[in-house]
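Student: In order, the protein sequence lines correspond to chains A and B. Residue numbers for the first sequence follow the working numbering, so the first one is 42 and each next one is one higher. Residue numbers for the second sequence follow the working numbering, so the first one is -5 and each next one is one higher.
Keep in mind the hints are simulated off the structure, nothing from the lab. Take these hints with a grain of salt, some might be off.
[Said to hold, decoys possible] Distance condition first, Cα-Cα at most 30 Å in a straight line; then the derived DSSO-like pairs of lysine-lysine:
#1 LYS72(B) x LYS216(A)
#2 LYS(-3)(B) x LYS440(A)
#3 LYS280(A) x LYS128(A)
#4 LYS280(A) x LYS148(A)
#5 LYS223(B) x LYS415(A)
#6 LYS(-3)(B) x LYS53(B)
#7 LYS487(A) x LYS148(A)
#8 LYS72(B) x LYS104(B)
#9 LYS238(B) x LYS58(B)
#10 LYS223(B) x LYS443(A)
#11 LYS56(B) x LYS223(B)
#12 LYS104(B) x LYS440(A)
#13 LYS238(B) x LYS415(A)
#14 LYS443(A) x LYS170(B)
#15 LYS223(B) x LYS440(A)
#16 LYS170(B) x LYS46(B)
#17 LYS53(B) x LYS(-1)(B)
#18 LYS223(B) x LYS243(B)
#19 LYS53(B) x LYS166(B)
#20 LYS238(B) x LYS72(B)
#21 LYS208(A) x LYS415(A)
#22 LYS440(A) x LYS53(B)
#23 LYS166(B) x LYS239(B)
#24 LYS311(A) x LYS487(A)
#25 LYS72(B) x LYS53(B)
#26 LYS487(A) x LYS208(A)
#27 LYS143(A) x LYS128(A)
Next come the chains, spelled out residue by residue.
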Amino acid sequence: MKEKTQVADIDRSLYDFRYEEDESSFLDSGITPDIIREISAEKGDPAWMTEFRLRSLEIYNRAEMPQWGPDISGLDMDRIVTYIRPKKGMQSDWNDVPDDIKETFEKLGIPQAERESLAGVGAQYDSELVYHNVRREVAESGVVYTDLESAMHDERYADMIRSHFMKLVPPSDHKFAALHGAVWSGGSFVYVPAGVHLEIPLQSYFRLNARGAGQFEHTLIIVEENAYLHFIEGCSAPKYYEASLHAGCVELYVGRNSTLRYSTIENWSKNMYNLNTKRAVVAEGGKVEWVSGSFGSHVSYLYPMSILNGRGARAEFTGITFAGEGQNLDTGAKIVHNAPETSSYMNTRSISKSGGISTFRSAVTINENAVGSKSAVSCESLMLDSISRSDTIPAMVVKTDKADVGHEARIGRISDEAVFYLMSRGLDENAAKALIVSGFAENVSKELPLEYAVEMNNLINLEMKGSIG
Amino acid sequence: MTKTKLNILPVPTFNRLGVNFIEREAAFDEENISVPDGAERQTIQFVETDCKTTAAVGKNAKLKLVQIFTDSCASVLKASVADDAQFELIQLYIGGDNASEIITELNGYKSAFTAEIGYDLGADESLDLNLDVSHYGRRSTSDITANGVMRGNAQKTFKGTIDFRNGASGAKGSEKEDVILMSGTVMNRTVPVILCAEEDVEGSHGATIGRIDEQHIYYMRSRGIPEEKICEMITRARLDRIIKKIGDKDAQERICGILGRGDEDDE
Chain A
42 MKEKTQVADI DRSLYDFRYE EDESSFLDSG ITPDIIREIS AEKGDPAWMT
92 EFRLRSLEIY NRAEMPQWGP DISGLDMDRI VTYIRPKKGM QSDWNDVPDD
142 IKETFEKLGI PQAERESLAG VGAQYDSELV YHNVRREVAE SGVVYTDLES
192 AMHDERYADM IRSHFMKLVP PSDHKFAALH GAVWSGGSFV YVPAGVHLEI
242 PLQSYFRLNA RGAGQFEHTL IIVEENAYLH FIEGCSAPKY YEASLHAGCV
292 ELYVGRNSTL RYSTIENWSK NMYNLNTKRA VVAEGGKVEW VSGSFGSHVS
342 YLYPMSILNG RGARAEFTGI TFAGEGQNLD TGAKIVHNAP ETSSYMNTRS
392 ISKSGGISTF RSAVTINENA VGSKSAVSCE SLMLDSISRS DTIPAMVVKT
442 DKADVGHEAR IGRISDEAVF YLMSRGLDEN AAKALIVSGF AENVSKELPL
492 EYAVEMNNLI NLEMKGSIG
Chain B
-5 MTKTKLNILP VPTFNRLGVN FIEREAAFDE ENISVPDGAE RQTIQFVETD
45 CKTTAAVGKN AKLKLVQIFT DSCASVLKAS VADDAQFELI QLYIGGDNAS
95 EIITELNGYK SAFTAEIGYD LGADESLDLN LDVSHYGRRS TSDITANGVM
145 RGNAQKTFKG TIDFRNGASG AKGSEKEDVI LMSGTVMNRT VPVILCAEED
195 VEGSHGATIG RIDEQHIYYM RSRGIPEEKI CEMITRARLD RIIKKIGDKD
245 AQERICGILG RGDEDDE
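Extracted from the complex, chain A is given alone in its bound form (with noise of 0.2 Å):
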């Protein structure tokens, strides 16, 4: 009889721990004008933020559910806390966390990627970051690297915030970027001056550990002209049964000649609705590079976006997505071509097992102006079992002559031709099989630094067995 070939969920032992939390730190659940007012006062917003948040809550009170994707009936906005009181202020040495807290980021790694690899690291727990510190030496080189709420209180960065924040995502966007305006909290500034190349990361971690709770975390980053920067960012929880949010927000300016990577491993645990808005702006010349790892959550909506502004601009989005039992993981990405020359390029992987629901969607968009533009996409999805579901939606809209738009995608399932010809070249056919899938998803490991990609193959946790019947 065939033996099917058995590829493991990701083990996410390793991130599903927590400590109780003292719930008097909890806001009261729901979202009303007197919780925003009150986040804005515990926060010490300035008049123009707490104003911001009242106007995002009324757009988020008549904005309209999405109407396309997953099912998120489930999540009940009344039940989420949005905010939850810092135990201790924000510390740069980590000698000075909550004990509890230090752990936690202990376990993820985090001091020791610190030390290893890393140029500066910010850590949030809940809503509000403990820790963040950033290398003598960077900092000397006048990139700045903080959070957001002690960038807006600086007068040296505080119109500079105020100029971009949540200008590329506007809360009329969605309903979810209202939200975002209303209640965000937590989330890192980084500044790269003209000419400066970090050669090193900086890495931003976020741990939702409360029950019940959201996480709103903004991350807004510019990158003046001629520089180049890898920021890279890690989220998880631990598993409980009520659902969870996170509507984080992440805003990119990418200036001219510069080049942004932004790499994302996301382990939310699966009661997580994930509906996070990324989006990037890039100048004349200049690049964004987005990787993404797509793991964990039980529902994802996630689409980072790049809006090539300047001639010459480029976009390149590398995707992993793995959805296992009780996931439904609807991810992609769009790129809006709006000046000449631009170029994009979308390569994505997914796979589905146990009942896992895999969504690739994008939207290419080539506007009038964009003459001489080229964009490719090419989305490969793995089916390892009939019980789950692998949907391809992208789609093109192309409105001028002047450019070159190729899109290409394939779905299917292990290959018996390639098992059998790796067998004919020695190897078993448990090994044959890993291998395959393991090539499958290196488009997205390649991209990584060794540290982040030795953690997705961890995730992933290949267990090959079976043979052919």
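Given chain A's structure and the hints, the job is docking chain B onto it.
Tutor: Coordinates of chain B only, in the frame set by chain A:
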């Protein structure tokens, strides 16, 4: 006449793209085509009014349906294909503002569907095309090819869905659209969708959208052919490939007449 929602994408996507459905006034004439088990039939329709066609292709039967759209109209074609049956569809859009929906259910074992679609959209013409092929039958196959040219302020949306249903093991489906844009004011939308609920299938789609290859233009210009003529030649070549597949001389002559071509087309 009230507007009807047509060409609904089987799974909606981003609303802002404007591809999830269209609304249009339509008063449908209805036609049924039934091909009994083991029979073969060819039907040619010059579609000039709104029409709803239902086609049932019996076991081991063959249907070749040719539809030529010469004027603004809405069309809905629903077909079911039984065991070992083949449904070949050829569509040509050569005038007007058209909305066309093709829903095919490959119900039978080894049922097969091929679609060859051509369009030449000029001036302010438009086309909204929605194909939805559902594979229910084991080892069923589908192959969709669309080739077209857009000029002036033409607007076109091509939505092609291959839907592998659970149980359709061994099924294969592919779709390909190749569009040439000949004006800076066209609006082209392409949405090639694959939905998959079965492990043992092979699906692929591809699309190329853009201008005429510059090397082709350079080659032909170096032979003294003006650029305007080059565009005309390429448009013609694309349509001719499909016209030749119709395989009916009277229909071919009528199409050439509509396209304003003379006797030269018979040579």
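Student: For this structure, which hints from the list above don't hold up?
Tutor: Hint check: 1, 6, 11, 12, 13, 17, 22, 26 fail, others pass.
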